[in-house]
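Go by the hints and put chain B with the ligands onto chain A.
Here is how the chains run, residue by residue.
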Amino acid sequence: MKLTGAEIFIECLKREGVKTVFALPGGVVLKIFDTLHQQKDVEVILTRHEQGAGHMAEGYAKATGKAGVCLVTSGPGMTNVITALADAYMDSVPLVCFSGQVPTNLIGNDAFQEADNVGLSRPCTKYNFLVKDVNDLAGTIKEAFHIATTGRPGPVLVDFPKDVSMAKAEFTYPNSVSIRGYNPTYDGNKWQIKQAAEAIMKAKKPILYVGGGVVFSAASQELLELAEMTQIPVDMTLMGLGAFPGEHPLSMGMLGMHGTYQANMAMHYSDLVIAIGARFDDRVTGKVSEFCPYAKIIHVDIDPTSIRKNIHVDIPIVGDCKTVLRELNHILRATVNGEQKDLRRPWWDQIQEWQQAHPLTYHQEKDGPIKPQQVVKRLYELTKDRDPIVSTDVGQHQMWAAQYFKLAKPNRWLTSGGLGTMGFGFPAAMGAQAAFRDRLVLCIAGDGSIQMNMQEMATAVVSKLPVKIIILNNGFHGMVRQWQDLFYEGRYASSYLDTTPDFVKLADAYGAVGFRVKKVGDLDGVLKEALSTDKPVIVDVPTYPYENCYPMIPAGGCNHEMILEDPPELKKKQSGSTKVTPEDKDTVLTA
Amino acid sequence: MEHIISVTVENKFGVLSRVAGLFSGRGFNIESLSVAPTLDPSMSQMTIVTSGDERIIEQIVKQLNKLIDVIKVVDLNETEFVSRETAIIKVHTKDQDRAEALRIVDIFRANVIDSTPTTYTIEVSGDPKKIEAIINLLQPLGIKDLVRTGRVAVAREPVRSTAAQAKKVARE
Ligand SMILES: Cc1cc2nc3c(=O)[nH]c(=O)nc-3n(C[C@H](O)[C@H](O)[C@H](O)COP(=O)(O)OP(=O)(O)OC[C@H]3O[C@@H](n4cnc5c(N)ncnc54)[C@H](O)[C@@H]3O)c2cc1C
Ligand SMILES: Cc1ncc(C[n+]2csc(CCOP(=O)(O)OP(=O)(O)O)c2C)c(N)n1
Ligand SMILES: [Mg+2]
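Protein chains in written order, with this note's numbering: chain A, 13 to 603; chain B, 161 to 332.
So here's chain B without its partners, still in its complex pose:
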């Protein structure tokens, strides 16, 4: 099953490779990973989308916690959360397609962020389904370039780190 794991790490060099190395070295999946500094510039926030059965997710959370540069790990699937992904899509637009492209942009509440005589560059954000949907509609027009940020997510309420939760579960 897919899990979104939110990892707070030290903002210093080499941390990304420690996390990535953990996933590759132990054969865990990474579907997407995004990382950027937090409000406190000494820390970064990673959002990792991964998948596996319960035992694997438990190991992923524990192994992440074990990394010395990891400050907090939250398996967001254990709480309510909201998530977003942004895609930037460059479509090739011949004259007759330009209106159609703008209509699709409108339906999805996307934005045109750049335009040339032969292209529109469109920014869209939302959940992965929405992004898949707009891609499907734009595809017939001719997508020249597509970049996606991967998902970022945040819990709706303040949460404790998952290690503490795991201990609580074991006690019940």
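The following block holds chain A by itself, in its conformation from the complex:
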């Protein structure tokens, strides 16, 4: 029997196991929406902005490990989703985005709402397709999912002209895909893995540096085995959080610009860095010429371009983390004995010394202003037994979440690392909630970032996605303010946000539930009440506006040279101030 393009599209989604599509309609995709409307297998979540749809698909993908799917219309629908595609591209999130396109006979004519979708998305997708013939549709969709989810995952765009959605073709779904130019390497080179094992046996000061790749390849179990067997401590990137249990004694926490003291010191003084599924981002390397000066580097990555892009690598292993770690563990199991532990005792003592010398710290006065770290810490302690999924926006609150919310398992951490997209957190949390209706999904947000996709509260309420948003409301683009205090002599150029809107009323206006924490003593009570509400929630927590996030390695700085607390002049300036208004902010801070 012949099916229309729109019907074929739905059949393909079903074959790919897609249960949810995040979407917003428009002229050229009406046929697709009309067809979706008449079936029950694939749920459509109507978003209020296409950027929201894109980030929801990302959240869905990160939480499930499967491709997220969004559907947008041509022209402005497409341009609106670009930020999410770019975000997914930077963070290697498997996404399949379907964009409407004007009918094939009008392409190139500057037709109404026409945009060059393939051209626009080329630099921010792993691959993209324009389907010109309905007979190619099923095969193209199969390839799109294959490319998005295999190798180094990433977003794929399928541009879907209106006439193709209406035309009919015989439906057959291919069982397999073969693309001659695309054959990701999963098995690491055996000889190289043996070299790595030998280096690990000999190392006196080894450190594991693990990233998002471990999460993508679901290799946490293998990583745990490796770390425990060899007693090597584990540094995680922002994207790798959850790949290794945050409370494990071998966990050093996050490394990099706002990483822990011990994580960064261990990298700097290590003699063997074992990088697994991490890409030596500049937030991690700092000054490249002084990065890990004493170390040999092993790098396991499925994408050859990640290897030696920024940093010289001694033992490159192209392959999938899980497969390579299995092989490596297999070799090590036969060779590891008590000797390595003795060999490394001084290293472990040194690391513990670092840990004790400069743990993460903040000071919460009993009646003082609420410290943002305190909020994250309590939120963590109150929810850890419920195995929550946590999303963040971008800024200081994101870094505090990374430092204080110690995730035990992978796929619970939704954050925008590579692109650093403010406005990511809330829709991403909704996407995860759509995948797991019964789980607790938290969004740790900033007062600036949350306003970038606030409109999705309507979606959350209507589609019953009871995400719990906790706004660390410092009245500032806090991360910008921090840099201004440290590097621009405290001139707050366009970083002050003031105290509007009233987030509690805003929640109410949308039909969600709003709470405000007025003083630190109320924190637990309000959080508990919010967490037991079964609707979408905003908890507005006014926090101390001048809190800075430490440790901090200034951009381009060296990893062992961290700023650990406010410099004295800054401390003096800020003592006694609890909140700012436009009138007193300059007097308080320039006094």
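All clues given are correct.
Covered stretches of chain A, as calculated for chain B (at least 3 residues, CB under 8 Å): (1) 123 to 134; (2) 192 to 201; (3) 307 to 318.
Derived by calculation from the structure, the hints in this document are not laboratory data. Each residue gets a CB set at the ideal place from its N, CA and C atoms; glycine is no exception.
Frame of chain A; chain B with the ligands shown alone:
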């Protein structure tokens, strides 16, 4: 250092812009690029002349390999190869210059492929030095138009793709 990279790609629409976009997006040089279908019409052959240090060339090769429409990448500098470029040069020839033009054509084993009372159109092929040389000699006569194909090149012996070679090097 200059490298000539031979890239076999899918012969379909948009591939050239993917390759060109890769070079511009990552700030790699393209000195010349030529492209045409191969014997198998489903594939095209690109010859890209680029330059950079060892690390950059390694990234260029890896990034090209990463493109889904790229089937094979060979950095020809790693093997022996022959390369050619063709130029078509239109020279303005006044009466007294016509004999001189023909003499230069002869020396370089070039061909006159068109002629009008006031012009000769000359085709020459060879390595870039030869082309530079003939251009230098023809310049005093007055070059009206000059088009060059960019280089095309081929390895002298069958070669594996460079990604495989890179892996072998790493193992040694
Ligand atoms: C405000 C802000 C501050 C930040 N501060 C920090 C900081 O202090 N510390 C920090 O670490 N980051 C920080 N980041 C994030 C940083 O910008 C990068 O996004 C992050 O460091 C990259 O993490 P990653 O190396 O794990 O790579 P990812 O982007 O997660 O990439 C994963 C790597 O694994 C590979 N891979 C994928 N799948 C597989 C597989 N199956 N097998 C093997 N390999 C695979 C990929 O090819 C890639 O190389 C910050 C971001 C922001 C916005
Ligand atoms: C879309 C976008 N625009 C601008 C930036 C630059 N930027 C990074 S952090 C930040 C401030 C974020 O403020 P807020 O959400 O309140 O978080 P805070 O740092 O105060 O915790 C800005 C403007 C960005 N990352 N993303
Ligand atoms: Mg803020």
